[in-house]
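For reference, the chains in residue letters:
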Amino acid sequence: MREITLSRAVNEAIAEEMRRDPTIFLMGEDVAEAGTPFKVLSGLVEEFGTERIIDTPISEPGFMGLAVGAAMTGSRPIVDLMFGDFLFLVMDQLCNQAAKIHYMSGGKLNVPLVLRTNLGATRRSAAQHSQSLHALVAHIPGLKVALPSSAYEAKGLMKTAIRDNNPVVIFEDKLMYNDKAPVPEEEYLIPFGQAAVLREGRDLTLVATSSMVQVARAAAEVLARDGISAEVIDPRTIVPLDEATILDSVRKTSRAIVIDEGHQSFGVSAEIAARISEKAFYHLDAPVLRFGAMDVPVPFSPALEDLTVPTPDRVAEAARRIVRGEMTDAA
Amino acid sequence: MAAAKRKTNTEAYLRMYRQMVRIRSFEDNANQLYLSARMPGLTHMYSGEEAVAVGICEALTDDDKITSTHRGHGHCVAKGAEFRQMFCELLGKEEGYCRGKGGSMHIADQSHGNLGANAIVGGSMGIATGAALSARLRGTDEVTVCFFGDGATAQGLWYEVMNMAALWKLPVIYACENNGYSEYTRTDEIAAGSLMKRAEAFGIEAHQVDGQDVLAVNDLAAKLVARARKGEGPFFIELETYRYHGHHVGDINRNYYRSKEEETIWKENRDPIVNFGVWLAKEGIATEADLQEIRDTVKADAEAAVAYALDAAYPPAAEVDMHVYAPDTAA
Numbered sequence: 001m002r003e004i005t006l007s008r009a010v011n012e013a014i015a016e017e018m019r020r021d022p023t024i025f026l027m028g029e030d031v032a033e034a035g036t037p038f039k040v041l042s043g044l045v046e047e048f049g050t051e052r053i054i055d056t057p058i059s060e061p062g063f064m065g066l067a068v069g070a071a072m073t074g075s076r077p078i079v080d081l082m083f084g085d086f087l088f089l090v091m092d093q094l095c096n097q098a099a100k101i102h103y104m105s106g107g108k109l110n111v112p113l114v115l116r117t118n119l120g121a122t123r124r125s126a127a128q129h130s131q132s133l134h135a136l137v138a139h140i141p142g143l144k145v146a147l148p149s150s151a152y153e154a155k156g157l158m159k160t161a162i163r164d165n166n167p168v169v170i171f172e173d174k175l176m177y178n179d180k181a182p183v184p185e186e187e188y189l190i191p192f193g194q195a196a197v198l199r200e201g202r203d204l205t206l207v208a209t210s211s212m213v214q215v216a217r218a219a220a221e222v223l224a225r226d227g228i229s230a231e232v233i234d235p236r237t238i239v240p241l242d243e244a245t246i247l248d249s250v251r252k253t254s255r256a257i258v259i260d261e262g263h264q265s266f267g268v269s270a271e272i273a274a275r276i277s278e279k280a281f282y283h284l285d286a287p288v289l290r291f292g293a294m295d296v297p298v299p300f301s302p303a304l305e306d307l308t309v310p311t312p313d314r315v316a317e318a319a320r321r322i323v324r325g326e327m328t329d330a331a
Numbered sequence: 001m002a003a004a005k006r007k008t009n010t011e012a013y014l015r016m017y018r019q020m021v022r023i024r025s026f027e028d029n030a031n032q033l034y035l036s037a038r039m040p041g042l043t044h045m046y047s048g049e050e051a052v053a054v055g056i057c058e059a060l061t062d063d064d065k066i067t068s069t070h071r072g073h074g075h076c077v078a079k080g081a082e083f084r085q086m087f088c089e090l091l092g093k094e095e096g097y098c099r100g101k102g103g104s105m106h107i108a109d110q111s112h113g114n115l116g117a118n119a120i121v122g123g124s125m126g127i128a129t130g131a132a133l134s135a136r137l138r139g140t141d142e143v144t145v146c147f148f149g150d151g152a153t154a155q156g157l158w159y160e161v162m163n164m165a166a167l168w169k170l171p172v173i174y175a176c177e178n179n180g181y182s183e184y185t186r187t188d189e190i191a192a193g194s195l196m197k198r199a200e201a202f203g204i205e206a207h208q209v210d211g212q213d214v215l216a217v218n219d220l221a222a223k224l225v226a227r228a229r230k231g232e233g234p235f236f237i238e239l240e241t242y243r244y245h246g247h248h249v250g251d252i253n254r255n256y257y258r259s260k261e262e263e264t265i266w267k268e269n270r271d272p273i274v275n276f277g278v279w280l281a282k283e284g285i286a287t288e289a290d291l292q293e294i295r296d297t298v299k300a301d302a303e304a305a306v307a308y309a310l311d312a313a314y315p316p317a318a319e320v321d322m323h324v325y326a327p328d329t330a331a
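Here the protein sequences line up with chains A and B, keeping their order.
Quick note on this note's numbering: the first sequence kicks off at 1 and runs consecutively.
Quick note on this note's numbering: the second sequence kicks off at 1 and runs consecutively.
Pulled out of the complex, with its shape left as it was, chain A reads as follows (with noise of 0.2 angstroms):
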């Protein structure tokens, strides 16, 4: 199969769904010649023309409630938020309109609109470039929320987003764009709320999201050699979430640790190591572990940011603690 690259698998899907749906459209900041600042979307204002790949000014709260309107009219916009740290800009919009549109009107406005953007740190960006703040649209009920770890997902997972009809918010990893994999020639989607098992295991379950699929797969590797087989899940979308292919896992290895690089406290593997302790409590050999970004702002430099994320040897570390029994109370 041939391989593309990340950026190169959204483009695809972008583009492909213009071509089927006319009344898709896509906004954002440099979007249409520029092909944003990481070239994701060069071409499309090509094929598609500034009518349908719109250029707009910096003013995120703006152009978001524009697509929110566009939404509930019969379009069905796209909209590049070109870093995930200004999904604080766009909060009003998303949280108390987008979201929550659907249901206050009874069910008779739909809002299918896309936001597309990113997150994931050590790219030297500093605090306010280098968030990941997914937990904070899957806290708001109306939202759902994919978080692609591969090209392969990342364009079978935007072709999904694309065809809801609710607001979706997507974000892919900012380090992965030129990470290359094996994508198909012919069309395929990946159905929101299916989690992948992109590695079976018998002795513990890594939950991993994103960026953080790469570090539980590497962990594996490494535990492998010490004889230990870990299982990795993807679950590609955290609303809907496949909570029963979690749960089937963890009842056949007893441990668990999730891996998620939003910040560890009140985040993505909060919820999952609660749900995962509330509803297969009596098959866990060891308390659910939990791998986050620490509870910083993240730093610039090089030395302290590479500190604040999870990574593979402390990701392996722990799972060899809790299969050795080691930390029965250490949660």
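The hints are simulated quantities; they were obtained by calculation from the structure and are not laboratory data.
Chain A side only, calculated, beta carbon under 10 angstroms to chain B, not exhaustive: (1) Ile54; (2) Val68; (3) Pro112; (4) Lys144; (5) Arg163; (6) Phe192.
Ideal Cβ placement from N, Cα and C applies to all residues, glycine included.
Based on the hints, put chain B in the right spot on chain A.
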């Protein structure tokens, strides 16, 4: 009264009179429901501002869109809504426009192009502008009117969306109902300079009109709507008006921010319904008896709708988590 077309539009004149009476009657009943503790929550009365909503909505078709505000009953009635579903919504009943899930501050009536009231001051400015963008992208000649109060002119969102509307010549009309008070504060204490000039700074054509004179409002609105359809928008209208009640129905003691004398002057000299009725009689368009019959019929309609709504069923418990998400269309 600014009326060049006298006697040629009898049907439209009487429809506007009747619609203004319907708004006043709706609000009188809503106020009574609150005062007699039969309405959950509270509500914001439109009484006194009827000529604004009616004068503008008379210039629109059902395909044209409006966005409304927390003080939104007037816009909803003027855009064609029925009393029965409106009172049901105010009382949280299943037969309400939004199945009781929106209430007074979120009534939406999609069938007549009302995209909904909004409980965030200025929150619908993006939605209105996005509806206008969508109208153009979909190749229609629909026009969107964005109603908001003088208080909302302090929100930054307005300046972001006006900028885009002007850049892209969108068919949107920003209708500022300047009732002189931003909640409990005089508007001249919160607004520097001129509201008109704020719109003009973006190159947007701005107009000022007496918001108590339904014919003047309608005359201006009809011209601007027709021009917006031809791509000459956007436009801004500042409508000088007055709210008879407090910020909301519970705002009874208002002496600390405005005097009884001021309220009396507006009610006795500038009431939009009384003054239009006098003009209709003077011009021989309707007799006082005709107008009394309209008022009596509307009053009976409103009372019957209230009685119906009071007896109507609440939504069943199973509704509580319905309509959080719209059905998927993903393959």
